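> Next come the chains, spelled out residue by residue.
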Amino acid sequence: MRTRRAAARIDFAKLALPAIVIYAAMVLLPIAISIFQSVTNATFPGSPADFIGVQNFMTALGSDAFLRSLANTAAITAFVTIVPNAVGFFLALLLDHPTRLFASLRAVIFVPVVLSSVVVAFVWQVLLTQNGAINQALAFLHLPQVGWLQDPAVALWSISAVVAWSVIGLCVVTYLAALQSIPGELVEAAKIDGAGPLATLRYVTWPGVAPALTLNTTVLLISGFKIYDQVLVLTGGGPAGATETATMRILKTSFDEFRTGLASSMAVLLLLLVVMCTVVALRLLQRREVQL
Amino acid sequence: MNASLRARRAHRFRAVGAIAATALLAAPLYLALISAFKPSEVIVSAPMVPAPLTLDNVLGVLSGNTGDVWPLLLNSVLITSFSLAFAVLGAALLAFYVNRGPTWAGRIILPLVLVGLMLPTQVFLVPLTQILRSIGLMGSLPGLFLFNVGYYLPFGVILFVGALRAIPRQIDEAAQLDGAGSWRIFFTVYFPLLRPSVVSVVIIVGVWIWNDFLNPLIIVGPTLGTTVTVGIYRSIGQYQSDYGAVFALSLVAMAPVIIIFVALQRFFVKGLTAGGVKG
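Sequence lines, in order, name chains L and R.
Residue 43 is where the first sequence starts when you use the numbering used here, and the numbers rise one by one after that.
Residue 16 is where the second sequence starts when you use the numbering used here, and the numbers rise one by one after that.
There could be a bad hint or two in this list.
To be verified - Here are the simulated distance ranges between beta carbons:
id	chain 1	residue 1	chain 2	residue 2	range
1	L	G278	R	G177	34 to 42 angstroms
2	R	A100	L	S89	16 to 24 angstroms
3	L	S105	R	S60	37 to 45 angstroms
4	L	V229	R	A38	26 to 34 angstroms
5	L	T101	R	T118	38 to 46 angstroms
6	L	D298	R	A61	33 to 41 angstroms
7	L	A282	R	P65	54 to 62 angstroms
8	L	D92	R	Y45	51 to 59 angstroms
9	L	V317	R	R23	24 to 32 angstroms
10	L	A282	R	A38	32 to 40 angstroms
What the hints assert, rightly or not - Under 7 angstroms between C-beta atoms, here's a sample of chain R residues computed to sit facing chain L:
id	residue
11	A35
12	L39
13	A41
14	P43
15	G116
16	T118
17	W119
18	F162
19	S197
20	I219
21	W223
22	N226
23	T244
24	S265
25	M269
Just so you know, these hints were derived from the structure itself, not from any lab.
None of the values given here were measured: they were computed from a predicted structure.
Just so it is clear, CB atoms sit at the ideal spot from N, CA and C, and this is done for glycine as well.
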């Protein structure tokens, strides 16, 4: 028995080694270097760098630009995690019908999910310009025009809405799969017990889609922190940095300002934030699933 | 009013509601589609009107005059297919080790893989460029290929580990009794069993790599030897007010993905929900 397990162990490791090496070299090693660089005053790659302890972290946490970028990232992520999630659930309820028509509708709703973020952002940029389609529609309804991408108070939410639009289809699909896995007998039993549609929704459907809620929330949360392309195309981080995300600030600090050490400390802070949020969210959601 | 009449009326309301909601959400898609076939001047002034139609934009793109799209498409195809093939294979082999190897290895590797899935690239992009530069692969397609394989491994690993959990260990013992080498065992026994997951991973990661923007931009650079999404981004700056050109370019660049999606819808859905929603 032991020789067979030992032989098996060696085989699998040998097969997996190239993958491990590439992953370590392309992902783990850069992360480690980032962490190392965060405690130095590195600038250009190759230039001398000294150990400066937590100075970068103090600078980053005292930097208005960085703090604002964190707030922006948090806002966008929260919006993108909650709104398409909720809307997707109700859309899934609406579209859960086994006809050809509904199948086509579901397919159409999913298309934005497979489009490149650059294309999505460009299309919406055309829609949201000063005299673009949205403002034209508002003018037609005698409503005031809005500076969707120019007004600092609105721009961040415009961007969030664009991203939300591009992921609704994903939420719908996940909730649909969950809806269809709820045993028919449960719904029947509820009906026999005299439950109306709202009560069924609350006591049978909603608990039944708990796994989909967990999956969607986790995926959206992770994607939210990564949002970059859409911001770049829609506003470039403006006006005057009002929509700049943490990822954007990090890249600007390293590629435009050449302060690699500082950028790395920002990256480490972002890393901690992402890991913390994801772990907490996952724990809460999974605990809820267990209870249900 | 009897029950069946009420039911039919309810269904009709539902269909109307569903169509309305979908139309609202799909309006931007409609705009994008027709704009590729309209002269730029009318794209902003009359966005929703499907006229006057012209093939000039699309012909300009296909002929290579607008944005020189064919080398970009070729690069996208090469990068996506090679990165995908090796990322999927690597992910399967790694998942194999995590699931069937010693438990200590799985316990260390899995969290490390999850970290890679969670983190925004920007967090380690700069050191990555330093590493690529040190092995002479910065600014090149092979560099992007290498990065893609590493970066897109985690998703496949997670999915394959889930799939492998469902494959009973008795198969391991039967397979090894045959005396075949590990490669042969893997390909003839396990890979076929993983096929549904493989399809899902191929589709999802394939779309991700094709649509990837920042990584090709930074690793390969914004010059001509890059992927089609970077080309679109460049054309936005290049063809400032010539919206028609950018819409046409976007259409041509997204056509492969949309065609594949329409043809393989079931697999998209199955892949995304694989094991995730059935509690």
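> Look at each hint and say if it fits the structure.
Each hint, compared with the structure:
Separation of G278 (chain L) from G177 (chain R) is about 40 angstroms and conforms to the stated range, judged on CB atoms against 34 to 42 angstroms. Evaluation of the 16 to 24 angstroms hint for A100 (chain R) and S89 (chain L) yields a failure: the beta carbon distance comes to about 39 angstroms. Restraint check, S105 (chain L) to S60 (chain R): a C-beta distance of roughly 43 angstroms satisfies the suggested window 37 to 45 angstroms. At about 29 angstroms, the beta-carbon gap between V229 (chain L) and A38 (chain R) stays in the expected band of 26 to 34 angstroms.
Judged by the Cβ atoms, the range 38 to 46 angstroms given for T101 (chain L) and T118 (chain R) holds: they are separated by roughly 43 angstroms. For the hinted restraint 33 to 41 angstroms between D298 (chain L) and A61 (chain R), the CB-CB distance of approximately 39 angstroms keeps it satisfied. Distance hint check for A282 (chain L) and P65 (chain R): the Cβ-Cβ separation is about 38 angstroms, which falls outside the suggested range of 54 to 62 angstroms. For the pair D92 (chain L) and Y45 (chain R), the supplied restraint of 51 to 59 angstroms holds, since their beta-carbon distance comes to about 58 angstroms.
A C-beta distance of roughly 52 angstroms is found between V317 (chain L) and R23 (chain R), which places it outside the suggested range of 24 to 32 angstroms. Taken as a hint, the range 32 to 40 angstroms holds for the pair A282 (chain L) and A38 (chain R), whose Cβ atoms sit roughly 37 angstroms apart. For the restraint placing A35 (chain R) at the interface with chain L, the shortest Cβ-Cβ distance is roughly 10 angstroms, beyond the 7 angstroms limit, so the hint is violated. The interface hint given for L39 (chain R) is violated, since its Cβ lies 10 angstroms from the closest Cβ of chain L, which is over the 7 angstroms cut-off.
Checking A41 (chain R) against chain L: minimum C-beta separation of about 5 angstroms stays under 7 angstroms; hint holds. Below 7 angstroms, beta-carbon pairs count as interface contacts, and P43 (chain R) has one with chain L at about 5 angstroms; its hint therefore holds. Interface restraint check for G116 (chain R): the shortest CB-CB distance to chain L comes to about 5 angstroms, inside 7 angstroms, so the restraint holds. Restraint check, T118 (chain R) versus chain L: the minimum CB separation of about 11 angstroms is more than 7 angstroms; hint violated.
Proximity of W119 (chain R) to chain L is violated relative to the hint, the smallest CB-CB distance being about 11 angstroms (cut-off 7 angstroms). The closest approach between the C-beta of F162 (chain R) and any C-beta of chain L is roughly 5 angstroms, which is under the 7 angstroms cut-off, so the hint is satisfied. At its closest, the beta carbon of S197 (chain R) sits 4 angstroms from a beta carbon of chain L; the interface hint therefore holds under the 7 angstroms criterion. Hint status for I219 (chain R) relative to chain L: violated, with the closest Cβ pair at about 10 angstroms, above 7 angstroms.
At its closest, the beta carbon of W223 (chain R) sits 10 angstroms from a beta carbon of chain L; the interface hint therefore is violated under the 7 angstroms criterion. Using the Cβ-Cβ criterion of 7 angstroms, the hint placing N226 (chain R) at the interface with chain L is satisfied: the shortest such distance is roughly 4 angstroms. At about 5 angstroms, the closest approach between the beta carbon of T244 (chain R) and any beta carbon in chain L falls short of 7 angstroms, and the interface hint on this residue holds. Given the 7 angstroms rule on beta carbons, the hint for S265 (chain R) holds: about 5 angstroms separates it from the nearest Cβ of chain L.
For M269 (chain R), the interface hint holds, the least distance from its beta-carbon to any beta-carbon of chain L being 6 angstroms, beneath 7 angstroms.
In the structure shown, a violation is registered for the earlier hints numbered 2, 7, 9, 11, 12, 16, 17, 20, 21, in ascending order.
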